[in-house]
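J.: Per numbering that gives the first Met the number 0, numbering of the sequence shown is gapless, rising by one per residue and ending at 516.
Because the hints were derived from the structure by calculation, they are not lab data. As the structure is a prediction and not an experimental result, all values here were calculated from the model. We treat Cβ as the ideally placed atom computed from N, Cα and C, and that holds for glycine. Honestly, I wouldn't trust all of these hints.
Said to hold, decoys possible - Pairwise CB distance ranges, derived in the manner of DEER restraints:
hint: 1; residue 1: N98; residue 2: T218; range: 38 to 44 Å
hint: 2; residue 1: E51; residue 2: G393; range: 43 to 49 Å
hint: 3; residue 1: I106; residue 2: F298; range: 53 to 59 Å
hint: 4; residue 1: N387; residue 2: T218; range: 42 to 48 Å
hint: 5; residue 1: D69; residue 2: E220; range: 29 to 35 Å
hint: 6; residue 1: E450; residue 2: T513; range: 30 to 36 Å
hint: 7; residue 1: G452; residue 2: Q101; range: 27 to 33 Å
hint: 8; residue 1: E285; residue 2: M50; range: 57 to 63 Å
hint: 9; residue 1: Q101; residue 2: T187; range: 29 to 35 Å
hint: 10; residue 1: E285; residue 2: I106; range: 29 to 35 Å
hint: 11; residue 1: K297; residue 2: T513; range: 44 to 50 Å
hint: 12; residue 1: S278; residue 2: K437; range: 39 to 45 Å
Unchecked claim - Taking lysine-lysine and the DSSO-like style, the derived pairs with C-alpha atoms no more than 27 Å apart in a straight line are:
hint: 13; residue 1: K179; residue 2: K408
hint: 14; residue 1: K275; residue 2: K301
hint: 15; residue 1: K346; residue 2: K370
hint: 16; residue 1: K506; residue 2: K408
hint: 17; residue 1: K408; residue 2: K370
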Amino acid sequence: MTFSKRVALFVSPDIDALCACKVLQALFHCDQVQYTLVPVAGWQDLGTAFMEHKEQYQYFVLINCGANVDLLETLQPEEDSVFFICDTHRPVDVVNVYNDTQIKLLIKQDDDLGVPSYDDIFRDDEEDEEGDGDDSGNESDGSAEPSGKRRRYDEARFHIHIQSRMWSVIGVTDQWVHDKIPHMKYVTDIATLQRHVSRHNHRNEDEENSLSIDCMRITFEYDLRLVLYQHWSLYESICNSCYTSCSFKLWSINGQKKLQEFLADMGLPLKQVRQKFNSMDMTIKENLREVIEESANKFSMKDIRVQTFAVHFGFKNRFLASDVVHAAAALLENVEKDETPTDNFIKALDCLSRYKAGNLERLHLGIDLAKKKLKAIQQTVASCICTNLILSQGPFLYCHLLEGTPDVKLFSKPLALTLLCKYLLKAFVCSTRNKRCKILPLIMAAPLDVEKGTVIVLGIPPESETSDKKNFFGRAFEKAAESTSSRTLHDHFDTSVIELKMEDRGKFLDALITLLS
0 MTFSKRVALF
10 VSPDIDALCA
20 CKVLQALFHC
30 DQVQYTLVPV
40 AGWQDLGTAF
50 MEHKEQYQYF
60 VLINCGANVD
70 LLETLQPEED
80 SVFFICDTHR
90 PVDVVNVYND
100 TQIKLLIKQD
110 DDLGVPSYDD
120 IFRDDEEDEE
130 GDGDDSGNES
140 DGSAEPSGKR
150 RRYDEARFHI
160 HIQSRMWSVI
170 GVTDQWVHDK
180 IPHMKYVTDI
190 ATLQRHVSRH
200 NHRNEDEENS
210 LSIDCMRITF
220 EYDLRLVLYQ
230 HWSLYESICN
240 SCYTSCSFKL
250 WSINGQKKLQ
260 EFLADMGLPL
270 KQVRQKFNSM
280 DMTIKENLRE
290 VIEESANKFS
300 MKDIRVQTFA
310 VHFGFKNRFL
320 ASDVVHAAAA
330 LLENVEKDET
340 PTDNFIKALD
350 CLSRYKAGNL
360 ERLHLGIDLA
370 KKKLKAIQQT
380 VASCICTNLI
390 LSQGPFLYCH
400 LLEGTPDVKL
410 FSKPLALTLL
420 CKYLLKAFVC
430 STRNKRCKIL
440 PLIMAAPLDV
450 EKGTVIVLGI
460 PPESETSDKK
470 NFFGRAFEKA
480 AESTSSRTLH
490 DHFDTSVIEL
500 KMEDRGKFLD
510 ALITLLS
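Input sequences plus hints: build the corresponding full structure.
T.: Pasting the structure below:
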């Protein structure tokens with residue numbers, strides 16, 4: 000890709016994709032590459048965006064979209080169009096894997112795609128055409144630059160590396176928060192990032208501005224699995240965190256009693272626990288994590304602390320990576336105002352960087368929206384458990400949110416519905432005595448468009464901290480829709496999310512039960 004070529008950047012609306020987008024934007028800016036950013040919410044959006052830009056662009060970068068279908072068959076591009084695909088969705092379509100002329104997959108070398116060999120699939124008798132073996136993208140032309148210009152370029156690159164570490168951390172944390180990777184994969188990835196961050200922090204220690212009020216620092220920490228606790232009260236965070244809420248079973252009277260016992264065991268005054276974290280006494284905050292961990296161990300919460308990173312902006316602002324994930328997701332799927340998805344996309348993108356006026360305020364706004372969302376999730380989980388809305392359908396569990404349920408509009412969005420599903424399944428596994436139900440996946444439906452009579456349907460794999468998070472519902476949904484002629488729309492890049500006509504729900508579920516039994 001040469002500097003003279005313009006690039007079309009198609010980005011899926013999820014936090015991991017936004018972080019990758021920020022990294023690319025910074026690199027493009029540094030290398031003076033012109034680009035156009037286009038948010039694409041699904042396959043229809045991607046097709047429309049490509050049609051609008053295919054005449055002006057030869058190079059297309061797709062972030063968290065495009066890998067799991069035969070892209071050339073889907074978009075029908077000209078032969079000189081080249082697609083760079085950076086996508087975490089699996090499985091990757093085999094045609095994309097073996098087309099190395101127009102499709103460039105940006106994946107790690109050790110990423111096992113589980114794809115058969117070329118000969119096993121295509122059985123081509125002709126000799127394979129040998130490529131040049133180098134898809135690395137930008138190449139240095141070796142030309143000598145003036146030393147001052149080179150130095151400024153290197154400094155710009157260094158600051159991009161620091162920012163990129165932050166975005167990488169947030170991207171990995173997003174995958175863990177939204178249940179796309181298992182806990183052990185998260186721990187491994189965080190350990191890898193820790194080495195990179197430590198190297199850059201060490202280089203930055205000697206710089207004069209390292210203690211500047213405007214500086215940004217990233218630190219590795221073992222912090223609490225209490226959502227947004229530094230921007231909330233400790234009590235609210237414990238009540239609305241999936242880990243503690245499910246451990247205590249807070250939807251029950253006994254669970255509420257356990258919570259009170261836990262607070263008493265910590266020996267913290269209730270007044271301190273219920274007020275904003277920033278307003279708590281400094282003497283309490285100094286060893287708060289150790290106090291909570293000690294009491295948590297007595298209540299069988301041995302994993303209350305987790306490896307993570309904190310981002311410090313100057314002296315005052317400190318955010319855990321998970322704080323930023325929740326804030327950005329809340330901005331991305333904000334349903335409180337009549338704003339377009341593109342407006343929400345830009346706001347979520349802006350909150351990931353503090354270098355423009357108002358971005359820090361946007362991050363705080365996102366945190367406020369995230370609190371409302373987490374409260375709505377906790378209340379919905381409690382309601383579903385207490386009213387037995389989760390039904391065992393044989394090979395899977397099923398829950399349908401009815402129209403009129405509080406905050407139901409919030410759960411018409413895939414990220415919010417994913418968090419609700421994850422929380423609800425964990426809560427159900429903690430509360431049920433049926434051993435078989437503990438190992439079942441969950442399918443959830445929520446109202447999408449009342450006028451059109453549609454629901455959004457999402458399937459997630461069984462609850463597990465250790466095994467992989469492979470989700471096989473995408474293909475099952477397709478087969479169930481085909482066999483029953485159910486009116487579905489498979490437009491999401493995540494194939495385990497579909498839209499379904501409410502009238503076809505019965506026959507669609509019956510077909511799924513038959514398929515998965």
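J.: Now tell me, hint by hint, if it's right for this structure.
T.: Consistency of the hints with the structure:
1. N98 <-> T218: 38 to 44 Å: Holds, at about 43 Å.
2. E51 <-> G393: 43 to 49 Å: Since E51 and G393 have Cβ atoms about 46 Å apart, the given range 43 to 49 Å holds.
3. I106 <-> F298: 53 to 59 Å: Since I106 and F298 have Cβ atoms about 42 Å apart, the given range 53 to 59 Å is violated.
4. N387 <-> T218: 42 to 48 Å: holds, 45 Å
5. D69 <-> E220: 29 to 35 Å: violated, 44 Å
6. E450 <-> T513: 30 to 36 Å: Holds, at about 31 Å.
7. G452 <-> Q101: 27 to 33 Å: Given about 40 Å between the Cβ atoms, the range is violated.
8. E285 <-> M50: 57 to 63 Å: This hint holds: roughly 59 Å between Cβ atoms.
9. Q101 <-> T187: 29 to 35 Å: At 33 Å between Cβs, range holds.
10. E285 <-> I106: 29 to 35 Å: The hinted range 29 to 35 Å is violated for E285 and I106, with Cβ atoms some 44 Å apart.
11. K297 <-> T513: 44 to 50 Å: Taking Cβ atoms as reference, K297 and T513 lie about 47 Å apart, which means the hint holds.
12. S278 <-> K437: 39 to 45 Å: holds, 41 Å
13. K179 <-> K408: holds, 23 Å
14. K275 <-> K301: Holds, because 25 Å separates the two Cα atoms, which is no more than 27 Å.
15. K346 <-> K370: Judged against 27 Å, a Cα distance of about 17 Å means the pair holds.
16. K506 <-> K408: holds, 25 Å
17. K408 <-> K370: holds, 16 Å
In this structure, the hints that do not hold are numbers 3, 5, 7, 10, in rising order.
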